Amino acid sequence: MSNISVFPIIIPFFTGILLIFFHKHIMIQRIVSVVSLIVSIIISLILIDTIKKTGVQTLNLSNWEAPFGITLVSDMLSALLILTTNIVALCCILYSFQGIDQDRESYFYYSLIQFLLVGVIGAFSTGDIFNLFVFFEVMLMASYVLLVIGGTKVQLRETVKYILVNIISSALFVATVGYLYSVVGTLNIAHISKRLSEVENSGIITVIAVLFLVVFGLKGAIFPLFFWMPGSYYAAPIPILALFGALLTKVGVYSIARTFTLFFSANEYIFTLLSILSLITIVLGVIGSLAYNDIKKIIIYNILTAVGVILYGVAAFTENSLIGSLFYLMHDMVIKTALFLLIGAIFAASGTFHLNKMGGLLNSHPALAWTFFIAAISLAGIPPLSGFIGKLMIIQGGFEKHDYCGSFIVLISSLFVLLSVIKIFIKAFWGTKTKAEKPSIKALLFPSIILVCLSFFMGIFSESIYSYISLAADTLLHPTNYIEAVLKE
Amino acid sequence: MKTNDLILQTITKIIIFLILLFSVDIFFAGHYTPGGGFVGGLMTSAALVLLLIAYDIKTVANLFPVNYIYVAATGLLIALVTGISSIIRHKPFLTHAFNKHVHLPLFGETSLHTAALFDLGVYLVVVGVTMTIIQSIGEDK
Chain A
1 MSNISVFPII IPFFTGILLI FFHKHIMIQR IVSVVSLIVS IIISLILIDT IKKTGVQTLN
61 LSNWEAPFGI TLVSDMLSAL LILTTNIVAL CCILYSFQGI DQDRESYFYY SLIQFLLVGV
121 IGAFSTGDIF NLFVFFEVML MASYVLLVIG GTKVQLRETV KYILVNIISS ALFVATVGYL
181 YSVVGTLNIA HISKRLSEVE NSGIITVIAV LFLVVFGLKG AIFPLFFWMP GSYYAAPIPI
241 LALFGALLTK VGVYSIARTF TLFFSANEYI FTLLSILSLI TIVLGVIGSL AYNDIKKIII
301 YNILTAVGVI LYGVAAFTEN SLIGSLFYLM HDMVIKTALF LLIGAIFAAS GTFHLNKMGG
361 LLNSHPALAW TFFIAAISLA GIPPLSGFIG KLMIIQGGFE KHDYCGSFIV LISSLFVLLS
421 VIKIFIKAFW GTKTKAEKPS IKALLFPSII LVCLSFFMGI FSESIYSYIS LAADTLLHPT
481 NYIEAVLKE
Chain E
1001 MKTNDLILQT ITKIIIFLIL LFSVDIFFAG HYTPGGGFVG GLMTSAALVL LLIAYDIKTV
1061 ANLFPVNYIY VAATGLLIAL VTGISSIIRH KPFLTHAFNK HVHLPLFGET SLHTAALFDL
1121 GVYLVVVGVT MTIIQSIGED K
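Chains A and E, in that order, give the protein sequences. Number 489 marks the last residue of the first sequence (our numbering); no jumps. Number 1141 marks the last residue of the second sequence (our numbering); no jumps.
Note that these hints are calculated values from the structure, not bench results. Remember, predicted model here, so these are calculated numbers, not experimental data. Hints are supplied without guarantee of correctness; some may be wrong.
Stated by the list, open to error - Heads up, incomplete: computed chain E residues facing chain A, CB under 10 angstroms, no partners named:
id : residue
1  : Val1066
2  : Leu1076
3  : Leu1080
What the hints assert, rightly or not - In silico BS3-like pairs for lysine-lysine, Cα to Cα no more than 30 angstroms straight-line:
id : chain 1 : residue 1 : chain 2 : residue 2
4  : A       : Lys423    : A       : Lys357
5  : A       : Lys357    : A       : Lys297
6  : E       : Lys1013   : E       : Lys1058
7  : E       : Lys1058   : A       : Lys53
8  : A       : Lys24     : A       : Lys357
9  : A       : Lys161    : A       : Lys53
10 : E       : Lys1013   : A       : Lys488
11 : A       : Lys442    : A       : Lys427
12 : A       : Lys24     : E       : Lys1058
13 : E       : Lys1091   : A       : Lys52
14 : A       : Lys488    : A       : Lys297
15 : A       : Lys401    : A       : Lys423
The beta carbon of each residue, even a glycine, is placed where N, CA and C say it ideally should be.
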C-alpha cells in the first residue's frame, strides 16, 4: 500500500491553499507555483516508473476495501496524462509571468491554476464515478473563475454561457450516475464494470451509455455539443486559453475513453454512434478552422478536429487505434498549448489577432516564425514530429476495422489542418512589415520553445515512448487488468 | 431617514450567544446525531449575518477583525493536514485515527477522533466562504 498515487493531487492542492495566504506577493506566488510544478513533474515521473515496474497502482483512501471506499487508480494512461498536464501547466505559468497583467496575478490567479490542476489530475486518477463528478466540479469551478477573472465585458458575457452549459451538463452527469447506480448499485468504476458485464445487455444500459456520451461530450466538445466552445474559449486571456485548450476538453475525452472501454465495451451501438459523431466533429472543426481569419479562432477550431480524431481512434477500438489515440492525445495536449502560447506571442509582436492586418514578422522575429512553423507541421503530422505516429496508428486501426470512409476523413483532415495553420504562417510571417517598432517577446516565446522541443523529441523517441503507451492502451483494451487491480481478486 | 433599531440590537445581543452555542453544539454532535461541520458553519455564519443586519459591516469587522478568505484557507489547510497525517503514519491518505477512552480533566472519559479535525476544517471553510460572499456583496455601494 503506497501513497504515491495521491501525491499528484495533494501537491497542487497544498500549493493552491498556500498561495491564498500570499496573494498580494506576486514574486512569492510565481516562485512557489513553479517549484511545486517541478516537484509534481518529478513525482509523476516516479509514478510512471513504479507503474512500469509493478503494474497498476491502486490506493484505497481511508483504508476502506475497494468497492466500499474511494479508490485512486493510477494506471499508465492516467500517469502519462498527469505528467503531460504538469508539463503543460508549468509552461503556461512561465508564460503568465509576462503574458498576464498584475491585476489578475494578485487576485488568486496562481491559486486558481493550482485548483484547476487538482481537478484535472484528480479526474485522471480517480476510480470512483461520483468522485470523478466531484473532481469535474473542482476543475469547472476553477475554470469559471479563470474565465471571468479580470472582468472585461466579453469575458462576462461568455462566462455566463459557459457556466450555464456546464451546470446543465453537471446536472445531467448526476442524473446519469443516479441511473447507473439504480441499475448496478455501486459507484466504484471497476465494480460497475464487473456488474455491467453480468447484466444482460438490456436497453437501459445503452440509454446510460448515450447519456454518458452526452455528458462527457459536452465537456469534451464533440458534435452537436461543441457550440459553447469557440465563443467561451475566445474570451479567455492567452495563458488561460492555453490551459483550457490543453486540459479541459481532454478530460472529457479521457472520461469517454475510460468509461466506454470499461463499461460498454460489448455495446456495438454506442461505439458506432461515437465513431459517426467524432467524424462529424472532425469535419466541423476543419470547416471552422478554414473559415476564420482570426488566429485565435483558427486554433480553437483545431481543438475540435483533434478531439474528433482522438475519439475516432477510441471508437475503432483496436489495439493500434487505441495506442494511436493515446499518442495523439498526449501530442495534442503539448502542441495545442505551444500553439496557443505562440499566437499569444504573435499578438504581442503584431498587436492584432486578425490575419489580414499582420505580416512581415519573419524579418523582425525569426525565432518566433520558425518555432511556429515546427509547431504547425507537427500539428498536421509530418513524419519526424510527434503528430505523425498517433495519426498513422489511428488510420491503421480504422483500416483494420474496414472503415475506409472514416480513415479517409481523418487523413484528409490533416491536409486541411495543415492548410489552416500554414495560412497563419504565410499571412503573419511573410509579406511586408506592417508595424514599425519591434517589441521584445523573448519571455513569451521561451515556454513554447520548450513545448515544441518536447513535441520534437516525442516524435524522435517515439519508439521508447511506445512501450509506455502500449501499456496504457493495454488497460483500456483489457478491462480485466483494471478490475483485478482494484478489486484484488 | 435614520431609524432607531434599539429593539433589534438588544435582542441580537442576547440571541447571538444562543445561536453560536447551538452551532457549536451541532458541530460537536455530528458524529452521533444529525449535524456536523457544514450545518455548524452555516449556523455560525447565520449568527454573524444577524450581527451584520443589526449593526453594520464596520462594527462587525471591528468585532471580528479577520479576513474571511484566510479563514476558509485555514480550514482547507486543516482538512488537508488531517489527511496527510495518516501518510506519515504509513496508512493510506485520509485514514482517520481514534481513541475511544481519553480522560480529559473536566469532561471525564471522552472518545476523540481525527474526523472531528476534518470537520473543523469544513466548519472554517463554510464560515469563511459564506462570510466572504455576504461581505463582498454587502460592501458594494
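Do the hints match the structure? See the list:
| no. | hint | result |
| --- | --- | --- |
| 1 | Val1066 | 13 angstroms, violated |
| 2 | Leu1076 | 5 angstroms, holds |
| 3 | Leu1080 | 6 angstroms, holds |
| 4 | Lys423(A) with Lys357(A) | 13 angstroms, holds |
| 5 | Lys357(A) with Lys297(A) | 15 angstroms, holds |
| 6 | Lys1013(E) with Lys1058(E) | 17 angstroms, holds |
| 7 | Lys1058(E) with Lys53(A) | 61 angstroms, violated |
| 8 | Lys24(A) with Lys357(A) | 38 angstroms, violated |
| 9 | Lys161(A) with Lys53(A) | 46 angstroms, violated |
| 10 | Lys1013(E) with Lys488(A) | 59 angstroms, violated |
| 11 | Lys442(A) with Lys427(A) | 22 angstroms, holds |
| 12 | Lys24(A) with Lys1058(E) | 23 angstroms, holds |
| 13 | Lys1091(E) with Lys52(A) | 23 angstroms, holds |
| 14 | Lys488(A) with Lys297(A) | 48 angstroms, violated |
| 15 | Lys401(A) with Lys423(A) | 34 angstroms, violated |
Hint compliance for this structure: hints 1, 7, 8, 9, 10, 14 and 15 are broken, all remaining hints hold.
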